[in-house]
Amino acid sequence: MSAAAPVVELKQITKRFPGIVANDSISLTLEKGEIHALLGENGAGKSTLMNIVFGLYQPDEGSIEIGGKPVIIDSPNKAIELGIGMVHQHFKLVDPFTVTENIILGMEPKKGLKIDYKSAAEQVRKLSELYGLQVNPHARIHDISVGMQQRVEIMKTLYRGADILIFDEPTAVLTPQEINELMAIMKRLVAEGKSIILITHKLKEIMSISDRVTIIRRGKVIDTVKTSETNPNELAEKMVGRDVTFKVDKLDPHVGNTVLKLDGVNSKNKEGISVLNNLSFEVKSGEILGIAGVDGNGQSELIQAITGLRKIDSGSIIVEGKEIANLSPRKISEMNVSHIPEDRHKHGLVLDFTVSENMVLETYYKSPYNRNGFMNNEVIDKHAEELVQAFDVRTPSIHNTARSLSGGNQQKAIIAREIDKEPTLLIAAQPTRGLDVGAIEFVQKQLIAQRDQGKAVLLVSFELDEIMNVSDRIAVIYEGQIVGEVYPKDTNDQELGLMMAGGLKRGGKAGE
Amino acid sequence: MDVLTLLGQMLNTTLVFSTALIFAALGGIFSERSGVVNIGLEGLMMFGAFAAAVGGYYAQDAGYAGMAPWIGVLCAMAVGIIGALIHAVASITFKADQTISGTVINFLAAGSTLYLVKLLFEGAGETPLIDGFYKYKVPLLSEIPVLGPGLFNSYPTTYLAVILVIVVYYLLFKTPFGLRLRAVGEHPSAADTLGVNVNRMRYIGVMLSGMLAGIGGATITLTTTGTFAHNTISGQGFIAIAAMIFGKWNPLGAFGAAVFFGFSQAIRNYVQQFGWSQDIPQEFIYMIPYVLTIIVLVSAVGRSSAPSALGQPYDPSKR
Amino acid sequence: MNKFKKIFATDSYIVPLVAILLGFLVGAIVMLIGGYDPIAAYGALFKRVFGSPYDFGEAIREMTPLMLTGLSVAFAFRSGLFNIGADGQVLIGMTAASLIGIKWAGLPLFLLVPLAVIGAGLCGGLWAGIAGYLKAKRGINEVITTIMLNWIALFLANYIVRTFLLIPGQNRSEDIPASISMTFLNSFFDNARLHWGTFIALAAAVFFYIYLWKTKQGFEMRAVGLNPHAAEYAGMNVGRNVMKSMFIAGVFAGLAGAGEVLGVFHYQAVFAGSPGYGFDGIAVALLGLTHPFGVILAAILYGMLTYGSAGMSFNADVPPELIRIVIGSIIFFIAAQGIVRWVLKPFYFKRKKEKVL
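Residue numbers (my numbering), protein chains in the order written: chain A, 100 to 611; chain B, 30 to 348; chain C, 18 to 374.
Keep in mind that the hints were calculated from the coordinates and are not lab data.
Quick caveat, the model's predicted, so the values are computed rather than measured.
Glycine included, C-beta positions come from ideal geometry on N, C-alpha and C.
The reader is advised that the hints may include incorrect statements.
Sample of chain B residues lacking proximity to chain C, with all beta carbon distances greater than 10 Å (derived) [claimed, not checked]:
no.: 1; residue: Tyr93
no.: 2; residue: Met96
no.: 3; residue: Ala139
no.: 4; residue: Leu143
no.: 5; residue: Pro157
no.: 6; residue: Pro168
no.: 7; residue: Leu180
no.: 8; residue: Ala271
no.: 9; residue: Gln307
no.: 10; residue: Tyr315
no.: 11; residue: Tyr319
no.: 12; residue: Pro345
Computed list of lysine to aspartate or glutamate pairs in EDC-like fashion (alpha-carbon distance at most 20 Å, straight line) [stated by the list, open to error]:
no.: 13; chain 1: A; residue 1: Lys430; chain 2: C; residue 2: Asp192
no.: 14; chain 1: A; residue 1: Lys445; chain 2: B; residue 2: Asp344
no.: 15; chain 1: B; residue 1: Lys203; chain 2: A; residue 2: Asp194
no.: 16; chain 1: A; residue 1: Lys588; chain 2: A; residue 2: Asp348
no.: 17; chain 1: B; residue 1: Lys203; chain 2: A; residue 2: Glu133
no.: 18; chain 1: A; residue 1: Lys383; chain 2: A; residue 2: Asp551
no.: 19; chain 1: A; residue 1: Lys337; chain 2: A; residue 2: Asp322
no.: 20; chain 1: C; residue 1: Lys154; chain 2: A; residue 2: Glu370
no.: 21; chain 1: C; residue 1: Lys231; chain 2: A; residue 2: Asp451
no.: 22; chain 1: A; residue 1: Lys465; chain 2: C; residue 2: Glu249
no.: 23; chain 1: B; residue 1: Lys124; chain 2: B; residue 2: Glu312
no.: 24; chain 1: A; residue 1: Lys544; chain 2: A; residue 2: Glu578
no.: 25; chain 1: A; residue 1: Lys421; chain 2: A; residue 2: Asp480
no.: 26; chain 1: A; residue 1: Lys325; chain 2: A; residue 2: Glu336
no.: 27; chain 1: A; residue 1: Lys445; chain 2: C; residue 2: Asp334
no.: 28; chain 1: C; residue 1: Lys233; chain 2: A; residue 2: Glu370
no.: 29; chain 1: C; residue 1: Lys231; chain 2: A; residue 2: Asp194
no.: 30; chain 1: A; residue 1: Lys369; chain 2: C; residue 2: Glu249
Not close to chain C: a few residues of chain B, all C-beta gaps over 10 Å, as computed [claimed, not checked]:
no.: 31; residue: Ile68
no.: 32; residue: Gly95
no.: 33; residue: Leu114
no.: 34; residue: Phe123
no.: 35; residue: Ala125
no.: 36; residue: Leu158
no.: 37; residue: Lys164
no.: 38; residue: Ser171
no.: 39; residue: Gly207
no.: 40; residue: Gly264
Modelling step: build the complete structure from the supplied sequences, incorporating the hints.
Rendered as structure tokens:
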């Protein structure tokens, strides 16, 4: 291998899917010992490109060279053989398996016919020590934190001898502290001679760790620049294709009466483990309360409790003076509570229903949609037509299935439906997850507009930036408990991060 | 008859009834642990029962009397695998709904076995009677009172079934093959990205289930009925599925459940020996295994321990 | 008109049609391997169905329970449930109709007949409801429970017939005075056993369609079937819909039972084993793509095949079980649509290209 040849060279890669060119003649080089960031919006084609490098897809045109030699990567096996490892955004871990089992899967050390678990665990321990990962080889995946799970993902690639590591949006689910630790790990990996491609849409990370950045937009390479010679604004403009403001414009809130009040709410899951732990907070009309926290600290359960999908064991949940704890979802919905669910495919839409049917998913039983037990399709269609217009939901027709819409338009349809209910309380869970910048702006503006109309808005998000920019007040949730309430102007990422990791409590109500 | 002798006999009958269920339930475990629902166990047992009857008959006819039942078992394994392949092609390669494609197996088995019986035996409704297996007394152990005649005077297939429970357990939880099979049923895309061929593992799982269900069916013709007719397999495959679920997809658990169901069937034969049972209509005694199955499922924990990816065809584009 | 166009513009009808052809092809190959003449056999099959008014009438008689059990399976399918228990529900429906028809024979016929029919439907529905209840409240897979309930229904039906309705020394019940036979058609169909159950079945299909696609409750049920999580989020009661869906499915099957004892046999036999109505119903539902009108068409095809298979075995000496292979293959091809699309590929590409231009 000649020293000058790049570790990976992609030449004019093109990949088409029905109706879309996901990668349009993309070229990219990765030098040895480099952290090369791949920047682009959701849907820009980053993941497709990396799936090609990892052998999950085949390019329609173009070629790949590894260490100067042309290769054809037709399966993950081939990629692994070539020393390529991928740390997936959605962890590919088998929950009931142990750390060791997950790492050795597919390349198990054997003693006779049996798996040699002892030497496997030893190997895992050694790798963990070498890179300072501190992973317990015998722990089961469902018992360890998200940050730890990610390290298991990294170790899977190292165990297979990967020299080229692809990190796909690795920080999406981490706390700021965990992100710092990950950055340190990445630096150690590079110091040990590995090369890294970092896929992300977060500019902060790119600026702090990468050597070079390649920006792609709509499947095309816009530019490749040295990180030291650029700045976040330039990168953002290249990524989105226009000027972007990071600050969300909003007026000062006009806070009114308490709309939602939780007091000492406790709930246990099926295994008897406490998921909501003496949880209390309130949301007033005209304000957005952001719930910050790491995934899995009770956010989903909190929303389920408020919307009637989960029974609580004690405590009270009051909406506009009325106790709603343990009422049915229908009853709560009728108290003018709207809900944008975190998983729009699973909970927000019936994908095989038409757009029109989805628009009345919660109100179908009411007049005028229901006429003596029969569906009044004329009125339903007219209503859908109006909402599609008002919220700019792009669909060929209201009679197309929700499945045929893009992610952004599906989310717009849900928001249209929920806002149309004229709620007094709007609950938005992860409302911008997986959306591109344009759609994110739209969603956030809608939330602020609702707040300006005097509605109470409860925003749950794992994106710290979103919490900081959109909320008027922030409550931090950790292990099913509110560990602090702060105003965005009085805090910063580091402090929130500490609270999110359970390391700091800022007692009482914000501002007291 | 004294109680102890009765108990020993009941134990023995329990094992006879359980054997077929054990084989089929183990087969179900292979398929479902790999992520493929196998409601076609019933049909696969039918294929096996048929193949054993026909293969055994021709072997006996050709003068291999002693080996005939074993040749029957081999035929059952082969035909079971072929039957399972239909399920595999439809549900794995062509991503058909697994429940529907399993139902197809049940249909094809019912149709084709009887069609072939009529074709091979000049329009007869069942295969000619064959000798089948004989019970084998384990030396010394069979002398133990109650347990001896109960456990150690059984058909060779029963011993094989018990050994297989251990083998399957070892295979699933101690070997690379088992780790991969379980991974494919829990999180196929995780396995895929580590170079484990998801569809190949699933094909193997389904084919093993066909093989084992085939043996299960064979044990019924070779130890109980001696022939294959339209009612030789009537519901055992479904009870095997229940045993697998009740046993939480674990070979040891499924073994326990299969013995339990075998026992509830054995009760039916023995309860009539007691005077008081005359007052109970025979239909209610027949119902026992089925009612027990429902009661058992009501008291067992739902599907919480089912493989996570059970029933979902693997679509790499969604990873 | 628009809707009409839509049905025929999509390929939804092509796949089953090709699947049916492929199924017949498989049957023909199986016959060839067995040394039979498939053309003679299929010819005998159709001749049997259309050969005489009596046979034609009897073929319709054969189709009737298939329509209802097919609708039963299809209806449950639409709300995400696999009803393998139509067999037991038919038996319970039969038994209820027999019991009412014989024990309340004192009532005037205009009361007795509807009571027996309604009783059959209700009891079938409640029997299926057991599986619905266990699914909704305990999360138990309805596939297993409905199969177990089939066996329990078989023994329960036999017990009731043997204990309360038996003609001493025979293996059947007394004659049932209540009848839904269409005796006024006897001269046209040569005494074929036609009965009102056929119209009940057609009405059930219409009900199925209107209920599911036009009413508020149907909207809920479809939402639950397509995405129970979203339905729950939208405030629908998933468990109640599961129970309701199983109940209605059971009513359909129970009505099939009423038709058999009140319209065809006029007595109830003690069954030695499962009569197999339910498994036919599964085939019909899948063949009809779980759409009510598709189910009716599928029942007509299936009824023709099973009724005609007797002629096939009589005239061409082919074992009637062959038809099960044909039907199994048809469902296989419908379920594994990929195979059919693969067969159709050359034609498809042509069409796609035209569309683009």
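Can you give the numbers of the hints that this structure goes against, from lowest to highest? 3, 4, 8, 10, 11, 13, 17, 23, 24, 25, 27, 28, 29, 31, 34, 35 and 40
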